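Q: Guided by the hints, dock chains F and B onto chain G, whose structure is given.
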Amino acid sequence: MTVLSVENLHVWFALAEGGELHAVRGVSFDLSSGDRFGLVGESGCGKTTAILALMGLLPPTASVAGRVVLDGEDILARGEESVSGHRWRDLAMIFQGAMNAFNPVKRIGDQIAEPLALHGLAEGGEARRQVGELLELVGISASRADRFPHEFSGGMRQRAAIAMALACKPKVLLADEPTTALDVMVQAQILELLVGLAHDLGLALVLVTHDLPVVAQTCERAGVMYSGRIVEAGPTEALYHDPRHPYTRLLFAATPDLYGEGAVVSIAGTPPRLDREPPGCSFAPRCDRVFEPCASVVPRPLAVGAEHEAECHLNDPALRAAS
Amino acid sequence: MGARGTNYVVKRTLFGLMTVLVAVTLNFVLFRAAPGDPASALRCRACTPEFKEEQRKEFGLDKSMVEQYGIYMKELLQGNLGSSFTTRRPVWDELGPALANTLPMIALGTAFSIVFGILSGVVAAWRRGTWADWGNVSVSLFFYSLPTQWLGLMLVIVFAGTLPVSGISDPFLEFTDPSTWEVFVDRMKHMILPALTLGLVLYGDYALVTRSSLLNTLGEDYILTARAKGLGSWTIVRRHALRNALLPISTLIAISLGYLVGGSILVEAVFSYPGIGLEVYDAIFERDYPVLQGAFLILTLSVVLANYAADLLYLKLDPRIAE
Amino acid sequence: MTLPAPAETAPVTGAAGLGSRVWSLVRSKPAATAGVIVIALFVLVAVTAPYLAPYGPREKVGEPFAPPSGAHPFGLDDGGVDMLTLMMYGARVSLLVGFAAAAVAMLIGGTIGLVSGYFGGKLDTGLTAVTNYMIAIPDVPLILVVAALFGRSLTNIIIIIGAIYWTYTARIIRAETKSLRERTYVKRTRSLGAGNTRIIVRHVLPQVGPLLIAQTVLFVAYAIFAETYVTFLGLGDPSLISWGKLIENAFEANAISAGAWWAIVPPGFAVAFVVLACTMVGRSLEDALNPRLRVGHLSVHRFRIRRPPEQEPQ
Chain G
162 MTVLSVENLH
172 VWFALAEGGE
182 LHAVRGVSFD
192 LSSGDRFGLV
202 GESGCGKTTA
212 ILALMGLLPP
222 TASVAGRVVL
232 DGEDILARGE
242 ESVSGHRWRD
252 LAMIFQGAMN
262 AFNPVKRIGD
272 QIAEPLALHG
282 LAEGGEARRQ
292 VGELLELVGI
302 SASRADRFPH
312 EFSGGMRQRA
322 AIAMALACKP
332 KVLLADEPTT
342 ALDVMVQAQI
352 LELLVGLAHD
362 LGLALVLVTH
372 DLPVVAQTCE
382 RAGVMYSGRI
392 VEAGPTEALY
402 HDPRHPYTRL
412 LFAATPDLYG
422 EGAVVSIAGT
432 PPRLDREPPG
442 CSFAPRCDRV
452 FEPCASVVPR
462 PLAVGAEHEA
472 ECHLNDPALR
482 AAS
Chain F
121 MGARGTNYVV
131 KRTLFGLMTV
141 LVAVTLNFVL
151 FRAAPGDPAS
161 ALRCRACTPE
171 FKEEQRKEFG
181 LDKSMVEQYG
191 IYMKELLQGN
201 LGSSFTTRRP
211 VWDELGPALA
221 NTLPMIALGT
231 AFSIVFGILS
241 GVVAAWRRGT
251 WADWGNVSVS
261 LFFYSLPTQW
271 LGLMLVIVFA
281 GTLPVSGISD
291 PFLEFTDPST
301 WEVFVDRMKH
311 MILPALTLGL
321 VLYGDYALVT
331 RSSLLNTLGE
341 DYILTARAKG
351 LGSWTIVRRH
361 ALRNALLPIS
371 TLIAISLGYL
381 VGGSILVEAV
391 FSYPGIGLEV
401 YDAIFERDYP
411 VLQGAFLILT
421 LSVVLANYAA
431 DLLYLKLDPR
441 IAE
Chain B
4 MTLPAPAETA
14 PVTGAAGLGS
24 RVWSLVRSKP
34 AATAGVIVIA
44 LFVLVAVTAP
54 YLAPYGPREK
64 VGEPFAPPSG
74 AHPFGLDDGG
84 VDMLTLMMYG
94 ARVSLLVGFA
104 AAAVAMLIGG
114 TIGLVSGYFG
124 GKLDTGLTAV
134 TNYMIAIPDV
144 PLILVVAALF
154 GRSLTNIIII
164 IGAIYWTYTA
174 RIIRAETKSL
184 RERTYVKRTR
194 SLGAGNTRII
204 VRHVLPQVGP
214 LLIAQTVLFV
224 AYAIFAETYV
234 TFLGLGDPSL
244 ISWGKLIENA
254 FEANAISAGA
264 WWAIVPPGFA
274 VAFVVLACTM
284 VGRSLEDALN
294 PRLRVGHLSV
304 HRFRIRRPPE
314 QEPQ
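Chains as they are written, first to last, in my numbering: chain G, 162 to 484; chain F, 121 to 443; chain B, 4 to 317.
Treat the hints as calculated values from the structure; they're not laboratory data. Quantities reported herein were computed from a predicted structural model and do not represent experimental measurements. We put the beta carbon where it would ideally sit given N, CA and C, even for glycine. Any given hint could turn out to be false.
[What the hints assert, rightly or not] Keeping only pairs whose Cα atoms sit at most 30 Å apart, straight-line, the calculated DSBU-like set for lysine-lysine is: (1) B:Lys190 with B:Lys125; (2) F:Lys172 with F:Lys183; (3) G:Lys332 with G:Lys267; (4) B:Lys63 with B:Lys125; (5) B:Lys190 with F:Lys131; (6) F:Lys194 with F:Lys183; (7) F:Lys172 with F:Lys194; (8) G:Lys267 with G:Lys330; (9) G:Lys267 with F:Lys194; (10) G:Lys267 with F:Lys172; (11) F:Lys131 with B:Lys125.
[Stated by the list, open to error] What the simulated footprint calls covered on chain G by chain B, stretch by stretch (three residues with Cβ under 8 Å from a Cβ of chain B suffice, anywhere in the stretch; the number is not a length): (12) 223-231; (13) 244-255.
[To be verified] Okay, the calculated beta carbon distance ranges per label pair: (14) F:Met138 with B:Pro67: 47 to 57 Å; (15) B:Ser31 with G:Gly180: 19 to 29 Å; (16) G:Pro432 with B:Leu44: 43 to 53 Å; (17) B:Gly82 with F:Arg363: 27 to 37 Å.
Next up, chain G with everything else stripped away, as it sits in the complex:
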């Protein structure tokens, strides 16, 4: 059953010199309990902004449109007012580089206990007990609760951040590049942990990353973002083996194979400017299979398989026949 439904999410940033940046341009996806959904794309495609928007963690220069429906309620309807009550209790987040997610002069245990006290769930001794449980859940000895963040290694800090995120038993966990700054061995452990938690706790996980192997390992479904939109979404398997958008195909081909087979393809051109609306498909300037309608007609999401959609004119038999 659907836990979170994002409908047509838009985010704009006002620029200092005037004008706006349209960073997220109508993103939609659904999450059910236990789902593991990956959001992939290059830097600057809007994926981090999109999940920050889900929790209302945007700066004052931002404006937001769209619906974020949690348990039937649009939590974004009245902006900060409506979304702030859901923070951490329904939606929690772990950030890129947990190095700085913790306040360096406070103990880890205190910081994990903080949301417990804040949301009236536990205090004092009971809170300490729960903190201990949470740490054990992520594979850290409970006795380490009294340490300071700089006494933890990078991987342990990220685990502690996960423990902290789970403190109020949220329904949705948003993970923004959780493994980017970690070495490969630790990466694997963290990802395994996340998969396990999603399964055991019924947690819905959104994993934002630019690292495709991470998505392959962790998520059963993924959305590929380009220039503020999800240009293709579907089962991870399908994206790998049957990509229906040139960007998806090129993105996966650009990842060097572990065995060194296959040529490494790089995507020509530069990412598009977000302060202008493109006349047609935003990927057209860099696409290797661009054809006539691409430059002038904006592609709409088309079903291309089971739970698999792509925004590309190549999937439209009518347009292909015409050209």
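A: Structure of chains F and B alone, referenced to chain G:
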């Protein structure tokens, strides 16, 4: 405390000791290297021949400079700072009580600047970009730009009649057989204006440091995490940002002492406040070089000591240095 | 494709480049521009004082401590001399001490910082130690003691003030020079065989220059303060008129008891305006050279909600 912490303490202690040595030597060299050697009792025109003879014997004034330096150091270690040309009493007997008057006044001045500064800085950072920010910064910069003695005179003009503007106590008070409380209040009333002068000139530093430090802290990831956890803005500032933002204040206090000793000379001159600053003022006027030399040494050593204490305090406040 | 990091490309060299760079920095920040204008105005008044002043600086034109009037907008001092005239003449000495002492501090501090940062090694360690010890000694008492011992001529005062404040500049210039030394283009030039002097003059100096100038402008402010402190304690040249001397004069003559606030207020404000102007220019330049852009995660303002753009028909 780990190895780095011990290392830090040792380094700072060595530096402190070396600075003391440099200051003492500089003190000797300055006063004896002046043209005409005016600091030597032998050149003192207002002194009696008996006094000159005493000094010659005590400090070896007819020996070579190197020998005199040795005697100077030896006497110094025994607490002998020489004798005043004007009163012929030991310098320490003059300066000790004076110092005891100055210290609480300076402490009060520092308290004023910290309170004004933190209030101003927090408001400015909290309301960044608004009139409150601009106004606070401008006002504190303005006070910072005033010559200390001039501000003191302005306060005399404004408060003459409301608060005492000279001395340390009401000369007629003792005739009314006052209680300890009344004596205390009287002393405080005499301290307020000189302390307020120092506080007003200095608070700009604290305000600007608080403001920029708070702004910096507010950009840290753990602030975003705190916001994601659902903490209210003011709670975040109070619990997470302020403590980290105020770390630089402790070092600022020590650095400010360097200004305060200079400032105290000026305010005590304006308010005829019988502290060590007024002793310097009178000593310059009367060419009482031993007193001047002694005061300079005391002031310099106080600053070195305060800086050393601040270094150690910072170690305690920021656990990262200790590891 | 990535653009080369700006720090690695060889920047503008030469004195003309330095001047124009500083000037464009000043123009880009309104605070700095305002500051420069204020300073320029004061300098103009100071330079033209003998022609502009309504009366002579020692000319008795009325009763002591006469209040402000039409003919004397700032009133008269304890000797019956016109305060406005005194203020204009006072600007000459105050600004002279300010600029000259700051120049001395810049020369000493800049040289020591450059040499220390560029050559490193034992020379650096030694100079840094000296700098650190000097900084630990409180500046105003030191200035007063040296002035009390070594005489009160104008030149002495300028040298003394400059010789005390060089330490702060030295520290900053040293840090900047050190980091510059490691930049690729400097290493490249050295490997081409260019001599140290050439590198310092043509490559390091133009980069360090703006920072040095920013520091110097700030020190003009400190020097003007220091001059007022020195004269207030009776250590200035008694024959010269400066803003500090006017304050001291008023104090000694008990202007406050006489109710003659006009004898005290103007010099203080004059110092404040010049110091403020210097601070704005110096700090703006420093900020421009070391931009610290930081997004705050908290604000009183909130993000805004909008109506979504038209949904594309599904």
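Q: For each hint given before, does the structure comply? Return the numbers of the non-compliant ones in rising order.
A: 4, 5, 9, 10, 13 and 17
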